[in-house]
Amino acid sequence: MARAINRRTILKGTAAGAALASLPWGRAALAESKPVKVGLLTVLTGPLAQGGIQMKEGVVAFMKDKNYTLAGRKVDLIIGDTGGNPAGAKAKTQELVERDHVDFIIGPLAAFEMIAISDYVARHKVPLLCLAGADNMTQRTPNPYFIRASATASQCGFPLADYVRKEMKLSRMDTIVEDFAFGYEQEGGFQLVFTAEGGTIAKRLWTPIQTPDYTPYLAQISDVDGVWQGFAGSNPINFMKQYAAFGLKKKYPVVGGWTAFDDALLPSFGNDAVGAVSGAFYSVSYDSPSNNHFVELLLRETHKTPGGYAAGCYINGMCVEAALEKLDGNTSSPEKTIAALRSLSFKDSPRGPFHFDHFGNVVGNVFIRRLERKNGKLVNTIVKTYPNVSQFWTYNEKAYLATPLFSRNKVPAKI
Amino acid sequence: MNLWVILAINSVALGGLLFLLSAGFSLIFGLMRIPNLAHGSFFMLGAYLGVTFLRIGTNFWLAAILSGLGIALLGGIIERLFLRRLQGQELAQVLVTLGLSFMFADISLMIWGGDPIPLSAPSALQGAMQVGSIVFPSYRLAIVLVAAVIAAVLWIMIDRTRLGAMIRAGVDDAQMARVVGIRVSRLSSLIFCLGAGLAGFGGVMGGPIFSAYPGLDGDMLPLALIVVILGGTGSLVGTLVGSFVVAFLYNYGQALFPELAYVILFLPMLVVLLIRPQGLFGRLPT
Numbered sequence: 001m002a003r004a005i006n007r008r009t010i011l012k013g014t015a016a017g018a019a020l021a022s023l024p025w026g027r028a029a030l031a032e033s034k035p036v037k038v039g040l041l042t043v044l045t046g047p048l049a050q051g052g053i054q055m056k057e058g059v060v061a062f063m064k065d066k067n068y069t070l071a072g073r074k075v076d077l078i079i080g081d082t083g084g085n086p087a088g089a090k091a092k093t094q095e096l097v098e099r100d101h102v103d104f105i106i107g108p109l110a111a112f113e114m115i116a117i118s119d120y121v122a123r124h125k126v127p128l129l130c131l132a133g134a135d136n137m138t139q140r141t142p143n144p145y146f147i148r149a150s151a152t153a154s155q156c157g158f159p160l161a162d163y164v165r166k167e168m169k170l171s172r173m174d175t176i177v178e179d180f181a182f183g184y185e186q187e188g189g190f191q192l193v194f195t196a197e198g199g200t201i202a203k204r205l206w207t208p209i210q211t212p213d214y215t216p217y218l219a220q221i222s223d224v225d226g227v228w229q230g231f232a233g234s235n236p237i238n239f240m241k242q243y244a245a246f247g248l249k250k251k252y253p254v255v256g257g258w259t260a261f262d263d264a265l266l267p268s269f270g271n272d273a274v275g276a277v278s279g280a281f282y283s284v285s286y287d288s289p290s291n292n293h294f295v296e297l298l299l300r301e302t303h304k305t306p307g308g309y310a311a312g313c314y315i316n317g318m319c320v321e322a323a324l325e326k327l328d329g330n331t332s333s334p335e336k337t338i339a340a341l342r343s344l345s346f347k348d349s350p351r352g353p354f355h356f357d358h359f360g361n362v363v364g365n366v367f368i369r370r371l372e373r374k375n376g377k378l379v380n381t382i383v384k385t386y387p388n389v390s391q392f393w394t395y396n397e398k399a400y401l402a403t404p405l406f407s408r409n410k411v412p413a414k415i
Numbered sequence: 001m002n003l004w005v006i007l008a009i010n011s012v013a014l015g016g017l018l019f020l021l022s023a024g025f026s027l028i029f030g031l032m033r034i035p036n037l038a039h040g041s042f043f044m045l046g047a048y049l050g051v052t053f054l055r056i057g058t059n060f061w062l063a064a065i066l067s068g069l070g071i072a073l074l075g076g077i078i079e080r081l082f083l084r085r086l087q088g089q090e091l092a093q094v095l096v097t098l099g100l101s102f103m104f105a106d107i108s109l110m111i112w113g114g115d116p117i118p119l120s121a122p123s124a125l126q127g128a129m130q131v132g133s134i135v136f137p138s139y140r141l142a143i144v145l146v147a148a149v150i151a152a153v154l155w156i157m158i159d160r161t162r163l164g165a166m167i168r169a170g171v172d173d174a175q176m177a178r179v180v181g182i183r184v185s186r187l188s189s190l191i192f193c194l195g196a197g198l199a200g201f202g203g204v205m206g207g208p209i210f211s212a213y214p215g216l217d218g219d220m221l222p223l224a225l226i227v228v229i230l231g232g233t234g235s236l237v238g239t240l241v242g243s244f245v246v247a248f249l250y251n252y253g254q255a256l257f258p259e260l261a262y263v264i265l266f267l268p269m270l271v272v273l274l275i276r277p278q279g280l281f282g283r284l285p286t
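So the protein lines, in turn, are chains A and B.
Position 42 (the first sequence) corresponds to 42 in the numbering used here; numbering is contiguous.
Position 255 (the second sequence) corresponds to 255 in the numbering used here; numbering is contiguous.
Chain A with its partners taken away, still in its complex shape (with noise of 0.2 Å):
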């Protein structure tokens, strides 16, 4: 069952594992008769909670859904709310790690977050299933216990500048998106592609996390094809309402990343996002079996309409769920729990199928989605699907890795 970290459950846990010790059992019987412990940080309060509580949300599901039993073994979910600060996510990680010894950790929600406990998870030897963008993490400083199964900052954005320049035809962009790392490198991976394939970037405009109002940035836009935007959280919603607002809408098409156009967040839009563009990991329209499942499931738990952020957990408790399957639920040894959950590979998952690479990224469908409203309803309808959509993009790995990560000042012409 889920529970939040709490004294006497553990204090109940510590005494039954020390009973079961004393036991004349032999260590294998001992860890499987254990539950799992599965520690979710996420952010259940503050302004980031949006994104956090879906997350909560998908893997609650999940794990109700399978009765809270993976490969035979019960499953403990603690949950630990980080408040969406980097100090409150290492705090959480340390009572995960040390008090509750927990054998996997799904989250945490925001890169800067992740960065500020990748060091503590890697030395701890626990393994991460992550939802952040982070770029690094599993580039020029990877970290050895991580997987991520939804997508780099960058990952969406390369197939989505090839739409935009090869389908959409538009050659001269702005850019604006918030003016931190997952921004910078969401915008890297854009600009990267669509200039590579002839496209210009006229203005890259970056807006505090905190933009009340859009106008002084929505001035500036002007002579492109089109715009490219990458807010996050509740941002694109002001952001869109803004942009139409100023009759915006109407010149310049709207293209953007998958938190900008996230599904969760339809229902907030209005006409105002109507036609936009984006390019996302998951899509709530993508036809197959695992993802129908997964949309019912959550429609009937949460009654809403889940996103990439539910999805993306629900996608991580699979992969626990593999990975415990394939290792005979015996999780005594990380390394092993590591290797496992980075050979696992999907026919069928709510994004469709998929693996990791040797960084333990996903390697797995792009899906572009063109915002409409059908039936009096907001949809992402799928217009093309790109498959096996490495970190790496087209390029060469090495040559990849040996360009500096994309930065509000630098990113790469070409590679």
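Calculated from the structure, these hints are not laboratory results.
Be a bit skeptical, because a hint or two may be false.
[Unchecked claim] Heads up, incomplete: computed chain B residues facing chain A, CB under 7 Å, no partners named:
hint, residue
1, A8
2, D115
3, P214
4, N251
5, A255
6, Q278
Values in this document were obtained by computation on a predicted structure and should not be read as measured data.
We put the CB at the ideal spot given by N, CA and C, even for glycine.
Given the structure of chain A, go ahead and fit chain B onto it with the hints provided.
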């Protein structure tokens, strides 16, 4: 060229909204000598209440007024239950407002969820006005009008009525006001209600631009602080001027020097604090 004009119009609109937010903050600060750190929460709660009223089909303007009244009531309760009991302990009062702001944030998250909820502007104002090549949302122009009306009403109240005279006396010297028979504590309740109500009303007015979302409180509070420090506490004219100064700095700063947007916003505040701590239009406490 368009950029400059749009920014100018937008600064005026944002200034109007900031005035709605800050007028109450300034009066409370002036009379009770405490920065009410829950003021951003009043703005956010107003927006959320507006959401609820709009959902049950209330007309936009009525929703704004009802939300304002609702938040005024909440302000009154807070003043009576907490701040009144801590009279004279300014640090404790500030901490109470800070604590309340955190509680309101969590309670709102519980009631309205983490998803941002946009408020629809009244349908008559949903379009954009076009003059030449300049497109500007009509709703923002309406905000300027509303803010102007409220500024005028407040000014008449403060400057022309007996109540206003008592408030001014309280702001200038609360103890002396008490001595001459003004019930300053009753005034405090009234001003706290009024300030909270204005912020709540402003929250609904700002809703179609900002939406209601967790964190709206924290976004608005610093702006109110800067406005009041620039303009001077307890001074309505100061708040008006401060609102427009901040709005212009905010808009032009972000457009022209995006890297320094916050420096441009806060630097004037630092300068004013250093050379004129009472603010541009404030008076030194006696």
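Each hint tested on the structure:
1. Restraint check, A8/B versus chain A: the minimum CB separation of about 10 Å is more than 7 Å; hint violated.
2. A cut of 7 Å between beta carbons decides the hint on D115/B: the least distance to chain A is about 6 Å, and the hint holds.
3. Annotation: interface hint on P214/B holds; nearest CB of chain A at approximately 5 Å, less than 7 Å.
4. Satisfaction of the interface hint for N251/B is found here, the shortest Cβ-Cβ separation to chain A being roughly 5 Å, below the 7 Å cut-off.
5. Look at A255/B: its Cβ gets to within about 4 Å of chain A, closer than 7 Å, so that hint holds up.
6. Using the Cβ-Cβ criterion of 7 Å, the hint placing Q278/B at the interface with chain A is not satisfied: the shortest such distance is roughly 28 Å.
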